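The lines below spell out each chain.
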Amino acid sequence: MASAFLTHHQKVLRLYKKSLRHLESWSDNRHDYRFHACVLRGRFDDNIAEKDMVKATMLLKIGEEEFWTNQHPSPYIFPDSPGGTSYERYECYKVPEWVLEHWHPSEKAVYPDYFSKREQWKKLRLESWDKEITQLQLEAEAGGPKTEALPPARIDGDLPPLWWQIVTRPRAQGA
Amino acid sequence: MYFPASVLTSSLIIIFSLLALPVITSLISAPVKPNWATTHVKPAVKTAFFVSLLPLFLFLNQGMEEVISTWTLMVTMTFDVNISLKFDHYSLIFTPVALYVTWSILEFATWYMHDDPDMSRFFKYLLIFLIAMIVLVTANNLFQLFIGWEGVGIMSFLLIGWWSGRADANTAALQAVVYNRVGDIGLIFAMAWMATTCNSWDMEQIFITVEHFSVTPPALGLIIAAAGKSAQFGLHPWLPSAMEGPTPVSALLHSSTMVVAGIFLLIRMSPLLEKSPLALTLCLCLGALTAMFTACCALTHNDLKKVIAFSTSSQLGLMMVTIGLNQPQLAFLHICMHAFFKAMLFLCSGSIIHSLGGEQDIRKMGAIQRQTPWTSSCFTIGTLALTGMPFLAGFYSKDAIIEAMATSSLNTWALVLTLIATAFTAVYSTRLIYFVVMARPRGLAISPIDEVNPEVINPLKRLAWGSILAGLCITLNVTPLKTPVMSMPPLLKLTALAVTILGLLIALWIIAPPGAHTRTTLFPAPHRFTSMLGFYPTLVHRAAPKLSLLWGQTAADQTVDQNWLEEVGPKATATLNKPFITTTSNIQQGRMKTHLVLFLLSLALVCAMIIF
Chain G
1 MASAFLTHHQ
11 KVLRLYKKSL
21 RHLESWSDNR
31 HDYRFHACVL
41 RGRFDDNIAE
51 KDMVKATMLL
61 KIGEEEFWTN
71 QHPSPYIFPD
81 SPGGTSYERY
91 ECYKVPEWVL
101 EHWHPSEKAV
111 YPDYFSKREQ
121 WKKLRLESWD
131 KEITQLQLEA
141 EAGGPKTEAL
151 PPARIDGDLP
161 PLWWQIVTRP
171 RAQGA
Chain Z
1 MYFPASVLTS
11 SLIIIFSLLA
21 LPVITSLISA
31 PVKPNWATTH
41 VKPAVKTAFF
51 VSLLPLFLFL
61 NQGMEEVIST
71 WTLMVTMTFD
81 VNISLKFDHY
91 SLIFTPVALY
101 VTWSILEFAT
111 WYMHDDPDMS
121 RFFKYLLIFL
131 IAMIVLVTAN
141 NLFQLFIGWE
151 GVGIMSFLLI
161 GWWSGRADAN
171 TAALQAVVYN
181 RVGDIGLIFA
191 MAWMATTCNS
201 WDMEQIFITV
211 EHFSVTPPAL
221 GLIIAAAGKS
231 AQFGLHPWLP
241 SAMEGPTPVS
251 ALLHSSTMVV
261 AGIFLLIRMS
271 PLLEKSPLAL
281 TLCLCLGALT
291 AMFTACCALT
301 HNDLKKVIAF
311 STSSQLGLMM
321 VTIGLNQPQL
331 AFLHICMHAF
341 FKAMLFLCSG
351 SIIHSLGGEQ
361 DIRKMGAIQR
371 QTPWTSSCFT
381 IGTLALTGMP
391 FLAGFYSKDA
401 IIEAMATSSL
411 NTWALVLTLI
421 ATAFTAVYST
431 RLIYFVVMAR
441 PRGLAISPID
451 EVNPEVINPL
461 KRLAWGSILA
471 GLCITLNVTP
481 LKTPVMSMPP
491 LLKLTALAVT
501 ILGLLIALWI
511 IAPPGAHTRT
521 TLFPAPHRFT
531 SMLGFYPTLV
541 HRAAPKLSLL
551 WGQTAADQTV
561 DQNWLEEVGP
571 KATATLNKPF
581 ITTTSNIQQG
591 RMKTHLVLFL
601 LSLALVCAMI
611 IF
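Residue numbers (full-length UniProt numbering), protein chains in the order written: chain G, 1 to 175; chain Z, 1 to 612.
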């Protein structure tokens, strides 16, 4: 169960992953990186069987200090990750679907098929709404949901809960 | 009207009309067609370029010096405001260069931005920017120049923040505006000085009138303006941040045209600057510092566009150095050469970034010469031109600048810094070629590489031809205004080449072959210093707002609360009346004797009033 505090295991894994990422940032080619990554893995594996938590915590502290000293000043960030060059680039094009309701009839007339189908989808949404909410209430955990994951439709012929939000979500890269 | 003069003026009006027509016609209510940019905008700029060649050839053929066309807007007792167009070799050479580069960039942008829903608006912004830029370069008075100056600044803001959903883009756009505004203070100060002292904003009148005055104050104002617009040290952080905008914006605005507006202003006002030795020395030292500092920053950065941005800033520093050497024509030559190869570098980077699925980090590039031969070749040509490879475009201007600097008897410190910057240019250029084009592939195994599209290749080819031939064409046809030093020791003559080769060797030594072990970096502290841009943005972007906040709080707290409310206002009334209240209360304590005394005193007063 997730909580506000990290376990020692999580802290070690996080240190290992960020060390690998910064090692990758320092390396000019994969050969160098692979060599240093194997050396780093060996250093972590040497202390993997440590049972004394005091000593383990001290090793973790030393590792974090070594990481802080040797970190890369501009580590590699994936383009679509937070801080990356393409992060949130297309957010300005992600218009919510309710804007379509405010189109002028002359604009809607340019896409008659889409809007006639949309009217059918809206009726379907009204019809399935109660069933979606009932399913969510029945399957809700005590204390509220832990993740944003939604359950699938359990009964044949039903639609999955909150299908409208998913089906009408904006495209990843805008229109 | 003299026939060539009328041709020059008419050509410029045709150019403005060609560029403004797509913008004006797009303002009608009917939506533009999806391929409006390809069918209307690109042909307009292409036609404008060919039209701009006519006045240039006429100018060169006739051996003209300068043509000025003036329309009077407003005449008062002491001041005239005119629309004044100046056709000298600066404006007549820069206009075709800018239009040629813009034509290539717009053709590239039809491919680069084809999946953007607002592509038409993007092209409209670029056209408005281009119109403002041409207004700036053809201006014969500071008022008109200021209109173009502000126009390019506003369009820069709108284009940097194009992807407005991204917080970093909005921050970068705001940064550009604020830094440019700091520079604008200098320009406005200079304009105010000229209006009050010279009674005119016309450049000819200013140059004649300032004979009798000390020109250092307006010269310093102009240098501050140029430092803001051309990203000199102190006002430089906005330029690498401006890479948040789309690559066509970086190629057009932040390498070829807008950033050189500051240097262009100093070139235009060079007759005024040369009367102030302090201003020239300041230009020399500021330019040298900028060139070296930004070249250092480019050594350790890994974002392809940011490295090219730093190289732009370094070259702008070199142009400022040339102004400091009192060689405005040489600075202008470097502006023209730089426009070609820097725009090509940015377009190559855009092609590479798009081909690698949006990857901008050179640590994830490599070995693309087989997959993108045209892009790799043009990238190599542009980088070599940047380093000053003999007989490419950059050589003609850069070599001449280094020679002029080496043979002048000016500041040795500035010369040393410039030479170091030249060496570092070779270092980061070699680093770029190695990590981007050569070496082993470090990116994704499958990339959407697409170089078959002529909209990608044709602009690169055009700019490559420009990077190879422009230097020769311009230097053969333009007579230098100042005689260059023709004889010098061989060591001085070969200085530029020597430092470039030195830089190349240093780069080859730094780029370790595979198998090198245990080295994060040879120099951790300098590496961190240059990676963080000398901690300049970190300090300034926090110190300035914090100071403003502190002053604001002090003003609100001390001035309003403490002063007005407590010392002067309501509380002061209470404080002033307290002694009287206390005295009166002490007096009236219910004693009969006190009452009798007061009664007798009042009686005496009344009697005295009656008697007298």
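These are computed hints drawn from the structure, not numbers from a lab.
Keep in mind that this is a model prediction, so the values were computed, not measured.
Don't be surprised by glycine CBs; every beta carbon is placed ideally from N, CA and C.
It cannot be assumed that every hint is accurate.
What the hints assert, rightly or not - If you only want the chain G side, here are some residues facing chain Z, beta carbon under 8 Å, derived:
hint : residue
1    : Ser25
2    : Ser74
3    : Tyr76
4    : Pro79
5    : Ser81
6    : Tyr90
7    : Glu91
8    : Tyr93
9    : Trp98
10   : Glu101
11   : His102
12   : Trp103
13   : Ser106
To be verified - From the derived model, a few chain Z residues whose C-beta atoms are all more than 12 Å from chain G:
hint : residue
14   : Glu66
15   : Val178
16   : Arg181
17   : Cys607
Would the hint on serine 106 of chain G stand, with a C-beta cut-off of 8 Å toward chain Z? Violated - the Cβ of serine 106 of chain G stays beyond 8 Å from chain Z, reaching only about 11 Å at its closest.
Holds or violated: tryptophan 98 of chain G as interface residue toward chain Z, Cβ cutoff 8 Å? violated, 18 Å
Checking the smallest CB distance to chain G, is arginine 181 of chain Z really beyond 12 Å? holds, 25 Å
Quick check on the hint: proline 79 of chain G CB to chain Z CB, less than 8 Å? holds, 5 Å
For glutamate 66 of chain Z, is the shortest CB-to-CB distance to chain G above 12 Å, so the non-interface label stands? holds, 46 Å
Hint check, serine 25 of chain G versus chain Z [nearest Cβ-Cβ separation less than 8 Å]: holds, 7 Å
Hinted contact glutamate 91 of chain G with chain Z - closest CB pair below 8 Å: holds, 3 Å
Looking at cysteine 607 of chain Z again, its CB stays over 12 Å from all of chain G? With a cut-off of 12 Å, cysteine 607 of chain Z remains clear of chain G, as the shortest Cβ separation is near 89 Å.
Per the CB criterion, is histidine 102 of chain G less than 8 Å away from chain Z? Not OK, violated: histidine 102 of chain G not within 8 Å of chain Z, min 17 Å.
Hint check: 8 Å Cβ-Cβ cutoff, serine 74 of chain G to chain Z: Interface hint status for serine 74 of chain G: holds (5 Å vs cutoff 8 Å).
Interface hint status, serine 81 of chain G versus chain Z (Cβ within 8 Å): violated, 12 Å
Go through the hint on tyrosine 93 of chain G and say holds or violated, using the shortest Cβ distance to chain Z against 8 Å. holds, 6 Å
Figure legend: structure checked against the earlier numbered hints; hints not met, in rising order: 5, 9, 10, 11, 12, 13.
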